[in-house]
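Could you put together the complete structure from these sequences and hints?
Number of protein chains: 2
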Amino acid sequence: MASLHPFDPITPGEIQLATGIVQAAFQGIPLRYKKIDIQEPIKKEVVPFIEAERLGKPLPPRPTRLLQVLFHRLDNGAFYKALLNADTRSVISAKELPKDIQASVDPDELIEVEQLCLNHPAVQAEIAKLQLPPGATVCNDPWIYGTDDPKETRRLFQCYMYIVATDHPQNNHYSTPCKFSPVFDALKQELVRMDYLPGGADAQTTETQPWKPVETIQYAHDLLQEPLRTDLKPYIVQQPHGPSFNVQGNVVSWQKWRFHVGFNSREGLVIHNLTYDGRSVFYRLSVSEMTVPYGDPRAPYHRKQAFDVGDVGFGITANQLSLGCGCLGHIKYFDGYRADSKGNPVHLPNVICLHEQDNGLQHKHTNYRTNAATVVRNRQLVVQMICTVANYEYIFAFIFDQAANIELEVRATGILSTVPFDNQDPGTTVPWGINVGPGVMAPYHQHMFSFRMDPALDGFQNTVYYEDSVPMPEDDTNNPYLVGYTTEQTVLKTSGTAETSVDRHRVFKIRNDAHINPITYKPIAYKLQTAPSQMLLASPRSFGAKRAAFATKPIWVTKYQDDELFAAGEFTNQSKASQGVEKWIQRQDAVENEDIVLWHTFGLTHNPRIEDFPVMPMERISVMLKPDGFFTSNPALDVPQSAQSFNRSTLHQPTCCKL
Amino acid sequence: MASLHPFDPITPGEIQLATGIVQAAFQGIPLRYKKIDIQEPIKKEVVPFIEAERLGKPLPPRPTRLLQVLFHRLDNGAFYKALLNADTRSVISAKELPKDIQASVDPDELIEVEQLCLNHPAVQAEIAKLQLPPGATVCNDPWIYGTDDPKETRRLFQCYMYIVATDHPQNNHYSTPCKFSPVFDALKQELVRMDYLPGGADAQTTETQPWKPVETIQYAHDLLQEPLRTDLKPYIVQQPHGPSFNVQGNVVSWQKWRFHVGFNSREGLVIHNLTYDGRSVFYRLSVSEMTVPYGDPRAPYHRKQAFDVGDVGFGITANQLSLGCGCLGHIKYFDGYRADSKGNPVHLPNVICLHEQDNGLQHKHTNYRTNAATVVRNRQLVVQMICTVANYEYIFAFIFDQAANIELEVRATGILSTVPFDNQDPGTTVPWGINVGPGVMAPYHQHMFSFRMDPALDGFQNTVYYEDSVPMPEDDTNNPYLVGYTTEQTVLKTSGTAETSVDRHRVFKIRNDAHINPITYKPIAYKLQTAPSQMLLASPRSFGAKRAAFATKPIWVTKYQDDELFAAGEFTNQSKASQGVEKWIQRQDAVENEDIVLWHTFGLTHNPRIEDFPVMPMERISVMLKPDGFFTSNPALDVPQSAQSFNRSTLHQPTCCKL
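Those protein sequences? They're chains A and B, same order as listed.
Quick note: to get the working numbering, add 5 to the position in the first sequence (first position is 1).
Quick note: to get the working numbering, add 5 to the position in the second sequence (first position is 1).
I should point out that these hints are in silico values taken from the structure, not numbers from a laboratory.
Please note: incorrect hints may appear among the correct ones.
In this list, chains with the same sequence are indistinguishable; a pair is considered to hold if it fits within one copy or across any two.
[What the hints assert, rightly or not] Straight-line alpha carbon distances no greater than 30 Å define the calculated DSBU-like cross-link-like pairs of lysine-lysine that follow:
1) K564 to K498
2) K40 to K498
3) K100 to K49
4) K49 to K62
5) K238 to K261
6) K100 to K498
7) K498 to K347
8) K527 to K217
9) K62 to K498
10) K527 to K581
Structure below.
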């Protein structure tokens, strides 16, 4: 493993190594593994290494390869975190964590809880009361149990139950939710309580009644009642000379960009050590956390607040992609590995895809006197993963272009999380959701993402500031015609937060004060084009807000520290309060010309449309990072002209002539 | 011409007809034509006609075909507007307009003013003072003369002068601005005044001095000092079975959408009579106006405020496109016609293009239990025009998709409008612009667009309202866990304005109260996903703001009236004040369940980056219209599965094996 790069994802051999080391340290004790993964390497060890790489100098010693193992002791239920040195094959530390800390869900556990639920006599008794017609069965989605009791230390799952009306692998059970919902202790494997769900427009619940069959609203093509469209013609992307990218291991080079594709079970895709034309730009980019709180105020729905990164993990929920589905053109796939509950490596083929796309025009100018035009198309490189978190899908893409822009694009799709809703009085609606089918309602919710940016603009000491556009004072000398406007800069000198502002056209920038642009006379910089979003709607006094402090402010700046990767803290499952950015800013660190991290919270207040059911047309949000005085001119000037000889488009001939 | 559809653009025959009718009415008087175009047909005549078309019923009488002619009498300089009935070949009205009303610029006039300027002895005297090196010449961009004097009635142009250092058809003269700027009266063809431009960081001007040669920052590929990139491989879109669209005349059908492609010299591309699956959606969509005020407070820059629709026109500045430049794949082009100053038709080939594009995934869901996935790609139909307004380029696209979404995408590119800037003290900067090269500065400015939406959601009586997402009160009964949130609706009952609000996640919707969705029990609706933007920065007391009232509020709702098409009024060139939306709302019309128009002002506060020079990587803004309860489920459910047999992607093979 000596040849592994510090940013390489974990290998199956490392998983086996970790299992061996830990099992040796806990001789004879049965263990259940929750996570075996790389531990982010220590930055101060990595920087000299990647700087030597970048500058083509002799490499210093390789940073220590660290592994992280989370596991339960099955003899006493204790939850441990161990840190291993893979180079020396030794344990650095192994400590038991407090009782109220819960690990994230792992895929084996999810299946176990599902089965535990379905096989439980109390659940079967409820199912019997439904008096289902022949062929209909029941399934369940085990849900993370959002905190509502500060003293709770059990490992709980709330199982939402659904009727499966059709034996089809894509039956949409979310269309037919049941009105009972058992809660299980996953460690003790026992039923904690049977919850009953509100059946109508208020919070009232009833005993389970026989099911009155309703139509299932299906999305699968072979379950649709209407025929498919037949008039969509093929659209084929051909790259006869191959792609413009080059991949060596996990290192991608494309159009002056170079970066390392990282993968871990929690964040999934990570971009490491991003450079442009040999200049350092970002040390690390990732989607650090997200939370999805629901707005339906009724029990038990107040506990629906998923942290899809911390509670589950985008790496372990990443789809295994295949040719022709997610991308067009020439596709490179990257694989990943995770550990199962026994500590064995599990191969995750094709969890990240890489391809080029054409995004229309990048720049054009026609000199109207001569009619001579320069036209350059916008070729992009897309690095993408698609995560299925039970009902929902997220498509995350880092998109790079030739003008040195970086985009984080998020697409939300999949199926709405639904609840039962009897509207026996036709016309009944609720103020926190929308009826999407017979007997089914989709509550309002928010999707709040945390984009973590660890900048390295021409070096590792950077500064964040914001710039507002403001009218000049109405002054006869300096602004006599009252049209002047200017900008105001505010430097974030101490770790803290900031607000976005549409009214002031607030733009956040990251700069390096030690590197002055020779033409603008200002420090080289990148700007963050934020996605100004409504912040968390839950009351600051709610557990929902306390657990997701990152989602209460759009901008956070912290001083870099190893181990501060996740906006809501390391352990979010059943957390009582966040242990993330809101703690780290309290250090009041100086963050001007320091090694800093910029965190942007953005999201969707998603009050569903009925058009989002039974499967949701993607909702797209985008955040951009753009050079702003980083170069001395448009960096895409040297992209060749768009030409028919290259693009080979075809001309539409009027069909009237043929008629 | 009896076979023309009410929404068809003007034909060359109609231009000749109009010239003949007008010249006959003004026998013997020399005329100069400013504009000959269709007049928007009278809506109450059109609606029965298109409704009969839509429903396949016998057609009522065709609406009167109206033509509009703007012209100057050359004997007395009077400016006239005539309205003609093309069916009866007669003048409906012809009236002289007040002296302070100026027509828009026409291409012939632009060239005339350019030549007038270059040939003028006073200009030549200034050029001589530059003592240019051999081979260097001077050119000028005649600029619309923004109002600063309420008594001005002359037809003025401010000519900005540039040094042309290289005899190349794409020399970037914007890199080398001169410091003198003559003002001409275009009707009297005379010099009004020689303005001198500030040369440094303050408003001070100086006599013209010999030019100290500096490098021109070039964008043309064969003028670049560095070689072009050689590692970009072809990316070819093939549609072997042809496009999925069908075009008959100007009517386009694609994936349940049907609309009429309109074109006129002022707005360029217009979408008329948009239906989805036979249901009426929008009567008319267009970019109604835009204004570009500059933030440099110094004379004469305070007069830089272009109205690119009203002062010039997107139809007459639309690029004539060619295969392989603007779009990939299978392209249909539409032509247009305008009149020249003598009243002759001018053919404008390929001013609008139509093509399909792939926009990644539209929806996906994987049932994690069975691993069965539904994956549907997002095919789009793009109708696009590209306008060159002197230095700048705008790319406007209406984009339709299979989930019944409509997007207006604007891309700003082209070249920054620059001013001379001596920074003899290296390090000098100004607070209202940025240095982009030696001796050249790019001032801050705004681009404010008005998107005019004339809705017809299942009929012509519609209502606009907005919906905010707000926390529920902290109430032990209804919101005991403090996580509940709901929506508040505010109906715009009277013509007026509204603000956007990110903090309240404000969404604007258009609904038809007479059509209730059978599942949601709410009126069928579309929502407008606004582009919340900083509004006009100029003081309300400035001419800049008075002339562009539409740019002071993001949302306007008016009751439909024929002739109310342009947000800042019909005549914007040298206007003293707007005669547009701000006047029309004052009627205090009832707009609930009425024939209404929704106007959305959005834009860019564009404080240039040096990366925007010498040609600007496109800046993209997008506004979406999405069905919201218009259907009873996702309208793209019936789009076939994305499959490799259809998409024919290729797999990247590691190159390491070949090395």
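Which of the listed hints are broken here?
2, 6, 7, 9 and 10
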